[in-house]
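Following the hints, complete the assembly by docking chain B onto the known chain A.
Same order as they appear, the protein sequences are chains A and B. Note that our numbering has the first sequence beginning at 1, numbered continuously upward. Note that our numbering has the second sequence beginning at 239, numbered continuously upward.
No false leads were mixed into what you were given.
Derived lysine-lysine pairs resembling DSS-like cross-links, with alpha carbons at most 27 Å apart: (1) A:Lys-228 - A:Lys-178; (2) A:Lys-109 - B:Lys-494; (3) B:Lys-494 - A:Lys-94; (4) B:Lys-494 - A:Lys-52; (5) A:Lys-110 - B:Lys-470; (6) B:Lys-494 - A:Lys-64; (7) A:Lys-178 - A:Lys-109; (8) A:Lys-107 - B:Lys-470; (9) A:Lys-129 - B:Lys-470; (10) A:Lys-94 - B:Lys-470; (11) A:Lys-110 - B:Lys-297; (12) A:Lys-129 - B:Lys-297.
These are calculated hints, taken from the structure and not from any lab test. All figures in this text were calculated on a predicted structure; none of them were measured in a lab.
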Amino acid sequence: MLELKNVNAGYGELQVLYNISLKVEEGEFISLVGPNGAGKTTTLRTISGIIKPISGEIDFLDNKIETFTPQQITRQGVSFVTEDGCLFPGMSIKDNLEMGAYIIKDKEKKQENLEYVFNLFPRLAERKKQLAGTLSGGERKMLSIARGLMSNPQVLLVDEPSLGLAPQLVSKVFETLKRLNDEGVTILLVEQNVNTALKLTDRTYVLEQGEIALSGSSRDLLQDDHVKNSYLGIRERE
Amino acid sequence: MNNNTTNNPKEKRDNENRVRESGSANKTVANDTVSTGKAGGTIAGSAGKTGGINELLGKIGLGPLSLLAFVLLGLAPLFIDDRFIIHLMISGMIFGTLAMGFDFTVGYINIVNFGYAAIMGVGAYSSALTVSRLGMSPWLGMAIGGVMAAIMGFLIGVVTLRLRGLFAAVMAWFVGLTLLAMTANLVDLTRGWLGLRVRPLFATPDRIPYFYTIFVITVVSYIILYRLTQGKMGMAFKAIGQNQEAAHSVGVNSTKYKIINFTISCALAGVVGGFYGHFVGILTPDVMHTRETVEVLALAYIGGRGSIWGGLLAAFIIIPIFEYLRPLMAMRFVIYGLLLMLVMILYPGGLSQFFAFIKAQIFNRSSKVEERA
Chain A
1 MLELKNVNAG YGELQVLYNI SLKVEEGEFI SLVGPNGAGK TTTLRTISGI
51 IKPISGEIDF LDNKIETFTP QQITRQGVSF VTEDGCLFPG MSIKDNLEMG
101 AYIIKDKEKK QENLEYVFNL FPRLAERKKQ LAGTLSGGER KMLSIARGLM
151 SNPQVLLVDE PSLGLAPQLV SKVFETLKRL NDEGVTILLV EQNVNTALKL
201 TDRTYVLEQG EIALSGSSRD LLQDDHVKNS YLGIRERE
Chain B
239 MNNNTTNNPK EKRDNENRVR ESGSANKTVA NDTVSTGKAG GTIAGSAGKT
289 GGINELLGKI GLGPLSLLAF VLLGLAPLFI DDRFIIHLMI SGMIFGTLAM
339 GFDFTVGYIN IVNFGYAAIM GVGAYSSALT VSRLGMSPWL GMAIGGVMAA
389 IMGFLIGVVT LRLRGLFAAV MAWFVGLTLL AMTANLVDLT RGWLGLRVRP
439 LFATPDRIPY FYTIFVITVV SYIILYRLTQ GKMGMAFKAI GQNQEAAHSV
489 GVNSTKYKII NFTISCALAG VVGGFYGHFV GILTPDVMHT RETVEVLALA
539 YIGGRGSIWG GLLAAFIIIP IFEYLRPLMA MRFVIYGLLL MLVMILYPGG
589 LSQFFAFIKA QIFNRSSKVE ERA
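Chain A on its own, in the form it takes in the complex (with noise of 0.2 Å):
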């Protein structure tokens, strides 16, 4: 459903991405891995319209999405869940969830959907009129992912979900998108915490000085000896 072919794209003059090409399926999990640097952001970003490609083609569903502004690709399903959460700080969680089914005109739809995502993270019905802005780092960031699946995404972008969380909150919210994925919504994941996104999704791109390095079932990446030098064995030795 979602392909880019041959994307390059940076920031002004430098060059970040260099030939990307990568598929997403209905239904799967993926995750894009890699160190620091290797153009992992910058991939979600150039998907969601926040940055134009230099060259290149982005197929969603049945358009071309590369020339599209991001309030554009948003509507066409596209849901960016960013590093920093993105919150309105000044908004309740309530506010802030509504905001995301903003695309959304059906009221009853967007009723639907707050009681699907409260359902999902009770700790946000517990505090719906708390400001977001006063709520701890893994709060936020269930509320960030809540609030992307607002608007009824056909896929969800999730950048770094584990970043800045508690080890015990890491695994609290990779379980929640292990259980969003069964039930049926597509994601693309970045994560450095490569041996956990490894473990939970069914394939895996390795991006690595902006090419696409490695690819193939996150089962069979496991073992690749690439990933267990550069990867896992260093996470072994810390």
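Just chain B, lined up with the frame of chain A:
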């Protein structure tokens, strides 16, 4: 804000437990939870029969207190004979309405329109000139003033609002300075610093008709601005003001909404400017000066950003103080500066937050009394 949690925490918890057990299929239960919030708010306010009227008034942004304030203000000329006090009230409403229009931009989309006084001046001069040159009625002139200011606001918006907050503010400021310089130098048209005589709105020297004209403008502006800041458009404004990136990511077309916001806010300045000209009777380029913007800004900030009504209240408190204490008038901008700093540092929410705090205190107390009973 915390009203609800303190009102009936137990009931709430029960509801949520039910939701957790019920799963997504059970719609009615969850509906219940969502609506408790609303119920909590009104329980403390009123019960039963007054609910209908309250709801209607709530829709146009009038609580019992603000309605009372507006009615008292509207009736004031019946009881007050003093021309000077009526004059003060007119000044208060002029500046208060400008502050409301200013807050509509700064308090929601979070852009400081430093050219606000210049836009008001555009309205004032357009109105004065259409009346004197084309012989139109001043009423039509005021409308034209509003339209011209709206066009100006729209154009500035298109040019500046793609920029981020500070850049947009600086750009609006420069446009304001340019407009001021133009007004001062197009002597053939505006008579520059010599001042342009403006035909008064009414043939009588009586202030009462002016009072009611600006009163209607103020009340109507308040209701319009309030309505616009509610609902979907208001949410979009707030979203843009708080986090533009996030607003984009949820699908808000920020440029469009910023331009809409700017145009409306400037249109209001234009109408008030038109009124100002016909009320004062003479216009000099001074009205477009940045310090006039600062005065409006100070009122809006002291009143509390994002409240709309705060600026109006602040104007009614501060303008008369200056008028009564004439010696202070010369020091006006020093005092505004100090007040502004104090508010920004010590109490950024301004008067409106103070009132919200008082209200919460009263409601909390009454709910505690209910519990005891």
